[in-house]
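With these hints in hand, go ahead and build the complete structure from the sequences.
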Amino acid sequence: VESISSLKVVWRKDTYLDQAIENDKKWRRCARVVREVLNEPGQVIALRYLERRRERLRLPVRIEVFLAQNPGLFDRYMDRIRPKSNFVPFLRPSDRLNRFLEDEKMIYEENEGLIVQKLCKLLMMADNRVLSADKLIEVKREFGFPNDFLVRLVPKYPEHFRLVGAPGEGKSYLELVSWNEEFSKSVIQRRADEESISTGIKTRPSFIWKLPPGFFIKKEMREWIRDWMELPYISPYEDSSHLHPASPEMEKRSVAVFHELLSLSIFKRIPVPVLGKFCEDYRYSNAFSSVFTRHSGIFYMSLKGGITTAMLREAYKRDQMILLDPLLKIKDKFVEMLNEGWKQRDEDSRKTSENLHRD
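Residues in the sequence shown are numbered from 1 upward in steps of one, following UniProt numbering.
None of the hints are false.
DSBU-like mimics (lysine-lysine), calculated; alpha carbons at most 35 Å apart, straight line:
1) K218 with K185
2) K351 with K331
3) K304 with K317
4) K304 with K277
5) K118 with K210
6) K171 with K105
7) K277 with K105
8) K26 with K13
9) K140 with K317
10) K135 with K13
11) K329 with K304
Restraint-style ranges between C-beta atoms, simulated for each label pair:
12) T15 with R129: 39 to 49 Å
13) K210 with I307: 22 to 32 Å
14) K156 with G200: 33 to 43 Å
15) L323 with K84: 51 to 61 Å
16) M221 with E55: 36 to 46 Å
17) E22 with E238: 34 to 44 Å
18) E55 with D319: 26 to 36 Å
19) L163 with P273: 18 to 28 Å
Just so you know, these hints were derived from the structure itself, not from any lab.
Note that CB positions come from ideal geometry on N, CA and C, so glycine has one too.
As structure tokens, this is what we get:
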């Protein structure tokens with residue numbers, strides 16, 4: 001297989017996968033505001049302070065409008081910012097939000113084994129089996145780790161993890177203590193094993209390569225892909241130090257790493273700048289993002305919302321995810337809670353409208 005550098009693939013928009021990102025916009029916006037309040041001391045904040053952070057929270061409307069649109073998230077009460085100052089409106093989590101937080105805690109506890117497995121796998125793929133603790137904190141939401149995973153979860157599993165240094169200062173690392181053979185199989189390898197068992201014929205590990213209707217690639221690229229797909233699969237858990245950085249084999253290994261990272265993520269998609277933080281750890285080149293357009297039958301690179309996001313095609317059917325992570329229950333519970341508020345808002349608005357007509 002010749003080097004790929006000379007072969008170019010034009011990016012094509014996938015309306016369905018862009019829509020999958022759009023579908024999550026509303027609840028993600030609410031989640032940002034909720035996190036902002038929960039991160040405050042005592043989990044309370046003056047309304048005016050929250051208003052000042054509107055731009056950072058990417059809110060298109062004023063906080064007052066947001067609260068009216070999404071009732072039931074917070075309780076409003078009056079308090080002083082400083083002793084002897086005037087009373088001003090404050091927000092704190094509502095009973096409904098506190099109930100959700102209890103549900104969230106329970107879901108994390110039920111899935112502790114899965115979280116430990118994901119964390120082990122991220123370390124097992126990394127160079128020297130070690131990752132910066134601060135980087136892991138930055139990606140906790142992508143993979144579904146609880147906020148306190150480094151202080152609560154990691155010390156519970158000394159047979160898996162060792163935390164070196166204090167997180168938050170850029171000099172703290174999480175190390176893998178022992179290699180776990182059970183975790184060292186990628187999604188691709190497990191799928192091949194399952195197929196071998198069900199058919200009785202040995203199946204070789206390979207990527208699912210499928211372009212959506214209306215997409216096409218040039219003949220020379222099609223031929224390159226065919227030859228490249230024939231190359232043996234290289235597991236992201238294998239040592240790759242012997243591979244030449246520009247070789248098709250290294251490209252095969254990089255695609256395997258991205259496939260595994262996206263498979264481990266909750267939404268089977270990760271913003272490209274987030275993946276960029278791990279170039280050295282996972283040994284992919286700084287120009288890695290071209291992989292997603294080159295292998296457009298495996299991945300899609302969405303430009304939705306001004307953020308480039310790498311998505312795993314096989315995880316979606318049209319704009320709906322079909323490979324569901326057990327930790328998605330947290331998002332489902334959150335959306336359920338928002339729906340209760342939206343229902344209440346529409347009900348109140350209907351009653352107000354009826355009363356006005358009556359008057």
